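*Asks:* Sequence:
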Amino acid sequence: MSNELASASIGLLVVTATILLYYIRCRTARIIKEAKKEYGPSAEPCSPGDYMWKLDTEYNKCMISAAMIVRNGTLEDLNVVTEKLIQDPWFRRFTDRLALFENMPFWVKDTQFKKENHVHRVLLDVSQKPTNSAELKEWIGQTIVADLPIDRPLWKMVILENYEKCDDGSGDTMSCVLLMAHHVLGDGVAFSNMMMSMLDTESHVKGIKVEKKKKKPVSPTKSQVKPRQPFAWLTWLFVALYTVPIMGKIMLSKADVNPFKTQNVSGRKVVGMLDTPIEMTRMNSVRNKLGMSVNDVFMGVISCALQRLFARIEPDNDVESIKAAMMVNMRSNPYAVKMENQFATPVFDMDVSNSDPLVACNKMRPVMKGMKTTPISKVFFANIALVANLFPYIFNQTLLDYLASKTSCILSNVPGPSERMYFNGKLLERISAWSPQRKSVSFGMTMFTLGGKVNIGAIMDTGAADKAQAFVDEFVAVFEELEMMVSEQVSAKSKVADAC
456 MSNELASASI GLLVVTATIL LYYIRCRTAR IIKEAKKEYG PSAEPCSPGD YMWKLDTEYN
516 KCMISAAMIV RNGTLEDLNV VTEKLIQDPW FRRFTDRLAL FENMPFWVKD TQFKKENHVH
576 RVLLDVSQKP TNSAELKEWI GQTIVADLPI DRPLWKMVIL ENYEKCDDGS GDTMSCVLLM
636 AHHVLGDGVA FSNMMMSMLD TESHVKGIKV EKKKKKPVSP TKSQVKPRQP FAWLTWLFVA
696 LYTVPIMGKI MLSKADVNPF KTQNVSGRKV VGMLDTPIEM TRMNSVRNKL GMSVNDVFMG
756 VISCALQRLF ARIEPDNDVE SIKAAMMVNM RSNPYAVKME NQFATPVFDM DVSNSDPLVA
816 CNKMRPVMKG MKTTPISKVF FANIALVANL FPYIFNQTLL DYLASKTSCI LSNVPGPSER
876 MYFNGKLLER ISAWSPQRKS VSFGMTMFTL GGKVNIGAIM DTGAADKAQA FVDEFVAVFE
936 ELEMMVSEQV SAKSKVADAC
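The numbering used here applies: residue 456 is where the sequence shown begins, and numbers increase by one.
Hint data in this document are derived by calculation from the structure and do not stem from the laboratory. None of these values were measured; they are calculated from a predicted model. Be aware that a few hints might be false.
No more than 30 angstroms apart at the CA atoms, straight line, and that leaves these computed lysine-lysine pairs for BS3-like [to be verified]:
#, residue 1, residue 2
1, K704, K827
2, K509, K539
3, K793, K569
4, K793, K833
5, K881, K620
Produce the complete structure using the sequences and hints provided.
*Replies:* Structure below.
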């Protein structure tokens, strides 16, 4: 009797689930059809993986921000490059607005779109206009928290012209092009691709012919057959097996407690950035001598910088580690980057107990290796996508906010072209980007490599601390110390070898 009852219950559950899914599918199809009648055939649903980032909080908007420092840049230059952008169908989200139709989000053509609402010159009183790098950072921190009107495309690009004279005797001035866009439009990879589409390489501007690198001949002793990719079902089997230990560990962990973490964000931001970028050749030299990746060094330097800052702010602190989230691109084709959110933010423990940069890098090395050898990124991506696609939006918001409550910071490494870049023929001197925060994530750091130079940007909520520039400065100090230690290490080995 009990077996029959169990079989009947399972059968009833399957039938109910089938009817429910069929109803949802039919209802969704009807809403899409009616939305296209209302807004036009170009209207398309905003995917759950995108819309979940719109479900942010009033005091910590999911905003992507970047500053491009352009030599002699003008509003005319900005108008030229943005015109190309909005005319390109690939970037249609820059002319689409977000609309709710029967509580379902859609991208619809903004029939009242005016570029002037999104692109303009910043007009400030003389007393308010930044005149140096410190004042510029203060202005950026105040500007990027401004809300974007929901009745138009969720982005803005403004230019602060001639805020500072160049100190090279050329008589040139620096202008700052500031991008502000909501995360719902796309992730950091999408926006990096968008910004690069606005720029021209030095070889293009100067008409220099660049020779393509010749492919290295394949050694006859090496197989010319590409390594066999694992079956898709095997990959997802591993994801399923790792889901409970990885997600369970994060879900059951305690919220971070450290000088840069707060559960009560203020909504006010301070930013830091490098005035003089680090040469990429220096970063490569250090990592090659240590036999590490760029991420190993980047994360190691961050962990050491945080240890020193924590010790300076709270000498008696007992913080051993923090939880950090790293942005990982999950696109299968890196050459066709659409404006969308296709990334994972795996959370990991970052050791912050070492003031020795070499030790810190060695501690972060296995952590970064684990990111590659275990499907942690796929686990985060698959689970969040699953919740986003199967459950109401309130579940998406709850899950993301809960993960954010456990995490202190967002870290990202954005590689760009190795050539110097130009903004409508004007030299792009440097660039800084700031990762979006969510709920109670209090700070972040982004490394943006462009034109053979490493640009570092940091952002903090003042509810936690106002040390964004101190964080950047400490990063540089730690890296320079690491560089010296590695050189001394190599020199010592060379002397030993000569003595032998």
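*Asks:* Now, for every hint given, state plainly whether the structure supports it.
*Replies:* Checked hints:
1. K704 to K827: Within the cut-off at roughly 19 angstroms; holds.
2. K509 to K539: 27 angstroms, holds
3. K793 to K569: With a Cα-Cα distance of about 23 angstroms, the restraint between K793 and K569 holds, given a limit of 30 angstroms.
4. K793 to K833: Satisfied, since the Cα-Cα distance of roughly 20 angstroms is no more than 30 angstroms.
5. K881 to K620: 15 angstroms, holds
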